[in-house]
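Asks: Fit chain B to the known structure of chain A by using the hints.
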Amino acid sequence: MSAPSVAIIGSGPSGCYMAQALRRHWAEAEIVIFDRLPVPYGLVRYGVAPDHPGTKAVTRQFERMFERDSIQFVGNVEVGKSISLEALRAAFDVVVIASGLHGDRPLGIAGEDVAHVYGAGRITRLLNDHPDEAGLAPRFGRSPVIVGNGNVAIDVLRLLAKAPADFHGSELSEESLAQLVAHDIQQVHIVGRASAVQAKFDTVMIRELAKLQGVHFEVSADSVLGEATDAAQLAKLEAILGLTDRPCTQGARKVVFHFGWAPQSIHSTHGAVSALQVSDATGNSKVIDASSLITAVGFQESSGSSLERERISSAAAQLDKGLLDQGLFCTGWYRRGPTGTIPDNRNDAKQVAEHIVAHWGSKVSAKRGLQAIAQGLGDTVSYQGWTRIDRAELSIAPEGRQRRKLRDIASMLKLAQTTRSGEQP
Amino acid sequence: MNIKVIYGTETGNAEMVADDIVEALSDDFDIESADMSKVSITDVSAENFYFVVCSTYGDGELPNSAKPLFDSLERHKPDLTGVRFAVFGLGDSFYATYNKGSEIIANAFTALGASQVGERGLHDATSGDLPGDVALPWAKQVLSAL
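First to last, the sequence lines map onto chains A and B. Residue numbers for the first sequence follow this note's numbering, beginning at 1 and rising by one. Residue numbers for the second sequence follow this note's numbering, beginning at 1001 and rising by one.
There are no misleading hints in this set.
Below 25 Å or equal to it, Euclidean Cα-Cα: the simulated SDA-like pairs (lysine to any residue) are:
(1) Lys200(A) - Lys1100(B)
(2) Lys350(A) - Val1022(B)
(3) Lys211(A) - Asp1124(B)
(4) Lys1077(B) - Phe1049(B)
(5) Lys1140(B) - Gln61(A)
(6) Lys1067(B) - Thr55(A)
(7) Lys321(A) - Ser302(A)
(8) Lys211(A) - Lys1100(B)
(9) Lys211(A) - Phe1094(B)
(10) Lys286(A) - Ala110(A)
(11) Lys414(A) - Gly80(A)
(12) Lys1038(B) - Ile342(A)
(13) Lys1038(B) - Asn347(A)
(14) Lys350(A) - Lys1038(B)
(15) Lys1100(B) - Thr341(A)
(16) Lys1100(B) - Asn347(A)
(17) Lys350(A) - Glu1023(B)
(18) Lys321(A) - Asn1064(B)
(19) Lys1100(B) - Thr59(A)
(20) Lys1100(B) - Asp344(A)
(21) Lys1067(B) - Ala232(A)
(22) Lys1100(B) - Asp230(A)
(23) Lys211(A) - Ser1127(B)
(24) Lys211(A) - Ser195(A)
(25) Lys1100(B) - Gly242(A)
(26) Lys1067(B) - Gly1132(B)
(27) Lys1100(B) - Val44(A)
(28) Lys254(A) - Leu177(A)
(29) Lys321(A) - Lys363(A)
(30) Lys200(A) - Glu112(A)
(31) Lys1067(B) - Val204(A)
Rather than coming from a laboratory, the hints here were simulated on the basis of the structure. None of these values were measured; they are calculated from a predicted model.
Chain A with its partners taken away, still in its complex shape (with noise of 0.2 Å):
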């Protein structure tokens, strides 16, 4: 028997756990990650929002395994565009499709494609120094209004609800700070078609909030509530009410709940956004005043995207186990969809990992591997060409912040002293 050569296309948490469970079937195997991006880490980097650091630390596993257990990174490579799928295929044993999920979800109601309404996924990538985002400059105003009762929704509310003092220790640029500061924002609405109890965030995100200064929270009186049935709701509500009973200070910036509330068609005033209508299960509705409007309600394939899934995918596909095609897997959000976090993801590659090695069984690798493709593929970034951008910006890190990270990706290239295609690293 002799192992694979495996590609994994995408090097966020499931393309790295991905790598790592591999490793312990096939010792021997050559495993390469791919990114679209110069730097690693995907969604670690930039969904994870910028001041949860210790959440990001999960890093730290990943490095080693680039480090000691001979998992190559070659960043800067999309596929789809440096190089086709259909080659990177005839290049490699397994190719494991981990990209994610890039796109917003949109809210699919009248109106939403007026100005100043903005996906959340594009928010964090903002706030993250996402390269992709550099041109976006969001115009919050003084009352923004966030759609989805999720993790992600709550993430995007602290960040605009947090007073800039509070970022320190975290990898918040002044790029983005400026891009917060610049609105004066006064109040927060956050809509969640769910009742209280059963909102999709988990409780240590709303206890996180009360640890905010300067902010004042309300849960609208016409909200839906709930009954708890465990001690998991029950924990939920106290900790949401909670919220509500700290003294209310001079000049605080207002935050209102609005739970039970479905959206249902945004109005704008000159093309851009003026307020959303939401209305509740026994079909009473109301106008919430917007002078933004961030949706948070999953997340989607881009589109035009070169790895639409229903296309790639062939008559023996299964997705339960991640297999697309002979010899072609996936793993993660792509394979799933936009559910679960860190863990849930590890638990998937692992479950993946496992089909990916019964499918493969004693087959004789017949295919070279990254030598094979080497050539075509441009500048790309090898994980050494990666730790030079990764040192540069801890050195660069301002008083008060982790990291500055670079933004763009023509200084990435640069730091990182790409290799032409086909020079050994």
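Replies: Then chain B, alone, in the frame of chain A:
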């Protein structure tokens, strides 16, 4: 002396610490690691010394992989008299429930008669320290005091 390093994890960080401890001590001891989800209470024996490495998850809860063993300890209440163990916790001081998970599992062991050796080691994710850099000196100190 046989050493078992058992870990409860969600993201794999506690597993990494367990691997570090095994690697650092394997020249001098008969030592191996196991996910707590694969450890049954009948495996827990006074003939071994245990390093229990455990993270905290959610709202101050045990990580998923520690829950089956914990539930089994609670339900069957085995007598762990004579069992010696030390606990290393991973957490994030950013949250009020910092390192609660390792405390829960340590209390479960001691309540059944096991004796905890040394102070609980703690790693704080917000500190930026490498978990292994904190865990290894701690583990060596625990063993030197045995």
